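Q: Sequence:
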Amino acid sequence: MTSGSTPGLTRFNTSADSEASAALHEVCASSAWGSKMLAQRPYANAEALFHASDAAMAELTAEDLAEAMAGHPPIGRPKPGDPTSSREQRGMAGASEELKAEMLELNLAYQEKFGHVFLICATGATGEQMRDAMRDRIGNTAEAEREIVRTELGKINRIRLTRLVEED
Numbered sequence: 038m039t040s041g042s043t044p045g046l047t048r049f050n051t052s053a054d055s056e057a058s059a060a061l062h063e064v065c066a067s068s069a070w071g072s073k074m075l076a077q078r079p080y081a082n083a084e085a086l087f088h089a090s091d092a093a094m095a096e097l098t099a100e101d102l103a104e105a106m107a108g109h110p111p112i113g114r115p116k117p118g119d120p121t122s123s124r125e126q127r128g129m130a131g132a133s134e135e136l137k138a139e140m141l142e143l144n145l146a147y148q149e150k151f152g153h154v155f156l157i158c159a160t161g162a163t164g165e166q167m168r169d170a171m172r173d174r175i176g177n178t179a180e181a182e183r184e185i186v187r188t189e190l191g192k193i194n195r196i197r198l199t200r201l202v203e204e205d
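Following this note's numbering, the numbering of the sequence shown begins with 38 at its first residue and continues without gaps.
These are computed hints drawn from the structure, not numbers from a lab.
Small disclaimer: the values here were computed from a predicted structure and weren't measured.
Misleading hints may appear alongside valid ones.
With a straight-line cut-off of 25 Å between C-alpha atoms, the simulated PhoX-like cross-links for lysine-lysine are [what the hints assert, rightly or not]:
| hint | residue 1 | residue 2 |
| --- | --- | --- |
| 1 | K192 | K150 |
| 2 | K73 | K150 |
| 3 | K150 | K137 |
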């Protein structure tokens with residue numbers, strides 16, 4: 038995939054700005070990130086797209102990060118009818134009622150402390166791994182947590198961009 042263009046990347050590169058912007062918004066809810074990504078089209082390959090995403094993510098302000106996080110539902114509670122968050126949070130699908138209750142409690146405590154949802158690249162993670170990460174991270178300072186969130190968002194964006202460029 039990294040050596041050249043794919044049908045999905047070609048479609049993204051050649052689509053109307055409004056269509057490409059909508060696709061980018063599905064990847065990341067930050068309008069600043071989306072604008073930076075849109076402005077750099079066309080991308081030679083997926084690696085160029087990923088590099089641009091990482092660079093745009095690194096430049097996001099605290100407000101931009103908050104906007105990006107607003108597009109993510111709490112862990113264990115994917116938005117109804119949202120196949121992306123359901124797929125990404127699959128590790129919580131078979132979780133026990135006890136684990137779901139603990140996650141709800143931790144989510145509320147985390148949101149109260151930081152003012153936003155707990156964000157983690159949940160793809161491939163079990164419910165227990167997500168819970169343990171939240172337990173570990175709830176003790177962070179706001180500044181440290183913001184940088185972890187930036188990293189996690191970058192990982193999520195890469196996964197979602199991969200899906201975008203691999204679509205036929």
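Q: Each hint should be assessed against the structure and marked as holding or not.
A: Comparing the hints with the structure gives:
A distance of roughly 24 Å separates the Cα atoms of K192 and K150; the hinted pair therefore holds under the 25 Å criterion. Annotation: proposed proximity of K73 to K150 is violated, straight-line Cα distance about 30 Å (limit 25 Å). Proposed proximity of K150 and K137 is supported: the alpha carbons are some 20 Å apart, at most 25 Å.
Checked against the numbered hints given earlier, the structure breaks only hint 2 and satisfies all the rest.
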